[in-house]
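Enquirer: Taking the working numbering, I'd label the letters of the sequence shown as residues 7 to 648.
Careful, some of the hints might be misleading.
As the list claims (entries may be wrong) - Using 25 Å as the maximum straight-line C-alpha spacing, the simulated SDA-like pairs for lysine to any residue come out as follows:
| hint | residue 1 | residue 2 |
| --- | --- | --- |
| 1 | K46 | Q98 |
| 2 | K46 | R137 |
| 3 | K458 | G477 |
| 4 | K458 | D492 |
| 5 | K46 | L122 |
| 6 | K458 | L513 |
| 7 | K458 | E494 |
FYI, nobody ran anything at the bench for these hints, they're computed from the structure.
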Amino acid sequence: MLDALRSGDAAETPRIAVVSGPAGIGKTAMALHWAHQARKEFPDGQLYANLRGHAADDPVEPAEVLGLFIRAFGMPPDRIPGGLAERAALYQSLVSDRRLIVVLDDALSAAQVIPLLPSSAGGVTIVTSRRRLAGLRSRGAVGVQLDRLSDESALELLSRTLGDDRVRREHEAALALVDLCACFPLALCVMAARLATRPRWALAEMVEALTQERRRLIELPLEDEMPIRAALTLSYRNLPPDAARAYRLLGLLPGSTFDDWTAAAALDVPRTQTGDLIAVLVDANMLDDATGGSYRFHDLTRLHARELAVQEDSAETRESVMRRVLDRYLTTTWTASRTIMPYRLAWHSLEGEPAEGHTFTAPTQALDWLDHEFGNLRAAVRAAVDLGMSRTAWELVDAMWPLFVHRGHYAERLEIDLLGMRAAQADGNRYGEAKMLNRVGLAQRALGHTEKAVQYFEQALEIWTSLGERGRIAGSRRRLAIIELDRERSSQAAALFRQALDDYRALGDVRRTAITACDLADALLRGGDEQAALGHLGEAQRLLEAVDDRYSRARVLILLGRAQFAGPETAATLLEQGLQGMRDLGSVHGQARALEALGELALRLGRRTEAHQHFLSAQNLLVKAGARSDRLAELLSRLGDG
7 MLDALRSGDA AETPRIAVVS GPAGIGKTAM ALHWAHQARK EFPDGQLYAN
57 LRGHAADDPV EPAEVLGLFI RAFGMPPDRI PGGLAERAAL YQSLVSDRRL
107 IVVLDDALSA AQVIPLLPSS AGGVTIVTSR RRLAGLRSRG AVGVQLDRLS
157 DESALELLSR TLGDDRVRRE HEAALALVDL CACFPLALCV MAARLATRPR
207 WALAEMVEAL TQERRRLIEL PLEDEMPIRA ALTLSYRNLP PDAARAYRLL
257 GLLPGSTFDD WTAAAALDVP RTQTGDLIAV LVDANMLDDA TGGSYRFHDL
307 TRLHARELAV QEDSAETRES VMRRVLDRYL TTTWTASRTI MPYRLAWHSL
357 EGEPAEGHTF TAPTQALDWL DHEFGNLRAA VRAAVDLGMS RTAWELVDAM
407 WPLFVHRGHY AERLEIDLLG MRAAQADGNR YGEAKMLNRV GLAQRALGHT
457 EKAVQYFEQA LEIWTSLGER GRIAGSRRRL AIIELDRERS SQAAALFRQA
507 LDDYRALGDV RRTAITACDL ADALLRGGDE QAALGHLGEA QRLLEAVDDR
557 YSRARVLILL GRAQFAGPET AATLLEQGLQ GMRDLGSVHG QARALEALGE
607 LALRLGRRTE AHQHFLSAQN LLVKAGARSD RLAELLSRLG DG
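Start from the sequences, fold in the hints, and give me the full structure.
Expert: So, in structure tokens, the structure goes:
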């Protein structure tokens, strides 16, 4: 049935297949095998996503998958829109006219899949699910319902691992084993892996052991999965004690994948000892290799491991595992955070960092780690909340800050910041609550929700005031002033910036004094006072000579260019230098500000078409980052089509 998707190069509609069937039947294996065989006919590549529709954790949201797919085309993360509709539109533009294979594994519903379907007819989409997803039929999807293997195919599967001679020699026992496994590929692979490590075992011995295990499980629910559970349990009982413990405890981990560092934390052993334990589980088909040195469980296997952990390990042991893992995530995330932003204070609640852990040699390496682990970090935050580890939850959110600054993730950022805020409130930590309120406010502002942003900033200001935190009070005033700039109320913004600037000067905070001097200059420029703005920009330049803050240095150049519109050539040079600085940093918002200023300069010179191009480029950057600017929208509206 799937081979029919290869035909019809001139297909007028997208080609979609839904491979459905019970857990462990081989849906994923079939989809990936077919995709591998057909790869030459679809030369533009393949996209794969595990939608985790039936995992123990929540299914993956379509917007998150779209973000991963868009990045696979080389789009920088900070240029990926935040909203589902915007991501879907960008995705469709990227896949248009491409001959791709898209594999959407373990879908929960048609609604989860529909935003991920390419609209072009040149490619193929294969969806796997335990359900038939009838909602995709209206889009031309063909159904491929997998049933259990025939006896002949099941014997062939055993023969691939055990050899034809061994299976033929004990043909009756092999048939009995196939029957006990109910012809489920996953169960057969687990049993075959076990027998392969015991070449002297008779198949009849395995049949007897599996028969006994099935009798023990006969009273359990999920009868359709009983053959798989019996096979897993039998293999588990034959694991060495340390590997059996690893199986149980690794099944408790949050997220979809884990690396050997995380495994070491879960098992409370040195990293060098995890490799052999993991190898035992992989060889037994109880754990899968993933990309990039990571590992993952099949959904049923993870569930089985967690059930065993509940049965055999105390609640105290299970909680200790989660605490070690979450502490590992927290310390590693803070290490990455400070590698990217050395001036950040790592004030988390851990009494001491583990003896070994990730190290990062460059900011880009640390940022890539945060990006790669983002899904697991989100799962870790949720797990911490569920376990009542509120402080760990909000501190982990706080540590992720550089990822959001440099890579966007705006929609996901709001979700995670809200979790952090609620966790800080549950923790009763007013300091943490105020930090998280500010974070939520910034996320709301980036998404264009100005009034909501103000509410969060004002709540944070109230807390900082009650705590007497002068520097934090100044920070909240500065954020409220930025909102006033968004509203084009420059005089109100300038008043708030002056208050914040006085506080930072009094505190001797050089970096924030320079940043706020830039802010005040921005407000003064919008109010038409170029000379006063130049004075504050001169102060900022002097202060930044002693501070490693390339972003603020580029921002000063942009503001200096705006302050010198009367000298167009000088202004243009400064603005281009500032724009290049922001490009070097990969700052979307910084580039947008520079382009907006270049557009204003062009407009002053009567070059309307050039101005329109600059404004449009700035707006496109913000839209791709999931942000918006009412000011740019108004400027473009005035200019019409240029």
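Enquirer: Indicate, hint by hint, whether the structure satisfies it.
Expert: Hints and how they fare:
1. At most 25 Å may separate the alpha-carbon atoms for a hinted pair to count; K46 and Q98 meet this at roughly 22 Å.
2. For a cut-off of 25 Å, the pair hint linking K46 to R137 is broken: about 30 Å separates their Cα positions.
3. For the hint linking K458 to G477, the alpha-carbon distance of about 23 Å falls within 25 Å, and the restraint holds.
4. This hinted pair checks out: K458 and D492 have alpha carbons roughly 13 Å apart, not beyond 25 Å.
5. Between K46 and L122 the alpha-carbon distance is near 23 Å, which keeps this suggested pair within the 25 Å criterion.
6. Taken as a hint, the K458 and L513 pair is broken in the structure, with Cα atoms around 30 Å apart against an allowance of 25 Å.
7. Only pairs whose Cα atoms come within 25 Å are accepted, and K458 paired with E494 is accepted, the gap being roughly 17 Å.
Comparing the model with each earlier hint shows violations of hints 2 and 6; every other hint is respected.
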